[in-house]
Amino acid sequence: MKRLFKFLVAMVAFVSSSVAFAQASNWTVSEAAGQVMVRDASGERRAQRGAVVAAGALVATGPGAKAVLVRGKDFVTVAANSRVRIPLAVQKRGMFEIIQEWGNAIFQIEKKPNPHFGVQTKYLAAVVKGTTFSITVSEEGASLQVLEGAVQTSTIDGGASELIRPGIIAIVSASDQLRLTVKGQDTRTIDSPQRSTPNGPAPSDQEAPGSQGNEASDATAGSVSEGALGNQVITEPIVATMVDLSGA
Numbered sequence: 000m001k002r003l004f005k006f007l008v009a010m011v012a013f014v015s016s017s018v019a020f021a022q023a024s025n026w027t028v029s030e031a032a033g034q035v036m037v038r039d040a041s042g043e044r045r046a047q048r049g050a051v052v053a054a055g056a057l058v059a060t061g062p063g064a065k066a067v068l069v070r071g072k073d074f075v076t077v078a079a080n081s082r083v084r085i086p087l088a089v090q091k092r093g094m095f096e097i098i099q100e101w102g103n104a105i106f107q108i109e110k111k112p113n114p115h116f117g118v119q120t121k122y123l124a125a126v127v128k129g130t131t132f133s134i135t136v137s138e139e140g141a142s143l144q145v146l147e148g149a150v151q152t153s154t155i156d157g158g159a160s161e162l163i164r165p166g167i168i169a170i171v172s173a174s175d176q177l178r179l180t181v182k183g184q185d186t187r188t189i190d191s192p193q194r195s196t197p198n199g200p201a202p203s204d205q206e207a208p209g210s211q212g213n214e215a216s217d218a219t220a221g222s223v224s225e226g227a228l229g230n231q232v233i234t235e236p237i238v239a240t241m242v243d244l245s246g247a
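Residue numbering for the sequence shown follows numbering that gives the first Met the number 0, beginning at 0 and increasing consecutively.
Calculated from the structure, these hints are not laboratory results. These figures come from a predicted structure and were not determined experimentally. Incorrect hints may have been included.
Unchecked claim - In silico DMTMM-like cross-links for lysine to aspartate or glutamate, where the CA-CA straight-line distance does not exceed 20 angstroms:
no., residue 1, residue 2
1, K128, E109
2, K128, D175
3, K72, E96
To be verified - Label-pair restraints from in silico Cβ distances:
no., residue 1, residue 2, range
4, G49, G183, 35 to 43 angstroms
5, R48, D190, 42 to 50 angstroms
6, K110, S195, 35 to 43 angstroms
7, G33, T186, 31 to 39 angstroms
8, A88, Q184, 40 to 48 angstroms
9, R45, R164, 32 to 40 angstroms
10, S24, K110, 15 to 23 angstroms
11, L162, R45, 33 to 41 angstroms
12, P62, S195, 36 to 44 angstroms
13, D190, R164, 18 to 26 angstroms
14, S195, G42, 43 to 51 angstroms
15, G42, E109, 46 to 54 angstroms
16, K110, N25, 33 to 41 angstroms
Note that the Cβ used here is the ideal one computed from N, Cα and C, for glycine as well.
The task is simple: from the sequences and hints, build the whole structure.
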């Protein structure tokens, strides 16, 4: 009887720890203001506070809307007219935890000793140990600005890379996707070796790894006005104050 009791206690502890791990590894909706939609394998629905955002799901915000996603001590604030996707395991490519398809998002990531979190767009990629930074994606390209800490930023092929700190912005243009422009007190460019390779892929033909299978994006974000973000790629450093991204 005692052995059975110990076995049951052990099983309960195992199940509890498994549930806790699953909850910690999943993104959930902390706040949803305005039209916030989630699309996954089960269909499309309005985002509800506390809802789990599964791997492969797309979160899209409409005009004037905002969503906050949380996972453990990591927060992502998705601005209006924006789309972010939680990649499937085959799309993650190591540390990439978010695929940002369109619009603006602010990332507040827990500090750890080693790089552990990455964001991927069609134009640039970012990897961090833990910091607060913002990425904007539009038809013109993508830009990144750091509010706190530092972010390793690169062109999508990884050939041009720079550690971006507060007061500096990184830009990759849609028309020149193998060149990373770094703007601070001075402006300089870093070119991927592929840019000067005669037989290399044309910069405008580059496609973000993991973007395959995202056909649902347009259907999900039908109400998201892409034209409204056409000129929102950041071109000058913005002085920003820290905010509570938890929405508490």
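Hints versus structure:
1. A threshold of 20 angstroms between alpha carbons decides the hint, and for K128 with E109 the separation of about 8 angstroms falls inside it, so the pair holds.
2. Under the criterion of a C-alpha separation no larger than 20 angstroms, the hint pairing K128 with D175 is inconsistent with the structure, at around 28 angstroms.
3. With a C-alpha separation of about 14 angstroms, the suggested pairing of K72 with E96 holds against the 20 angstroms cut-off.
4. At about 41 angstroms, the beta-carbon gap between G49 and G183 stays in the expected band of 35 to 43 angstroms.
5. A hinted range of 42 to 50 angstroms holds for the C-beta pair R48 and D190, which are about 45 angstroms apart.
6. Look at K110 against S195: about 37 angstroms separates their beta carbons, and that is inside 35 to 43 angstroms.
7. Between G33 and T186 the Cβ separation comes to about 36 angstroms, which falls inside the hinted range of 31 to 39 angstroms.
8. The hinted range of 40 to 48 angstroms is satisfied by A88 and Q184, whose Cβ atoms lie roughly 42 angstroms apart.
9. For the pair R45 and R164, the supplied restraint of 32 to 40 angstroms holds, since their beta-carbon distance comes to about 38 angstroms.
10. Checked against the hint of 15 to 23 angstroms, the C-beta distance between S24 and K110 comes to roughly 19 angstroms, which is consistent with it.
11. L162 and R45 have their C-beta atoms about 39 angstroms apart, which keeps the hinted 33 to 41 angstroms range intact.
12. Between P62 and S195 the C-beta distance comes to about 42 angstroms, which sits within the given range of 36 to 44 angstroms.
13. Our hint of 18 to 26 angstroms for D190 and R164 holds, since their Cβ atoms are close to 21 angstroms apart.
14. A hinted range of 43 to 51 angstroms holds for the C-beta pair S195 and G42, which are about 46 angstroms apart.
15. Range check, G42 to E109: Cβ separation about 32 angstroms, and the 46 to 54 angstroms hint is violated.
16. Taken as a hint, the range 33 to 41 angstroms is violated for the pair K110 and N25, whose Cβ atoms sit roughly 21 angstroms apart.
When the structure is compared with the earlier hints, violations turn up for hints 2, 15 and 16 and for no others.
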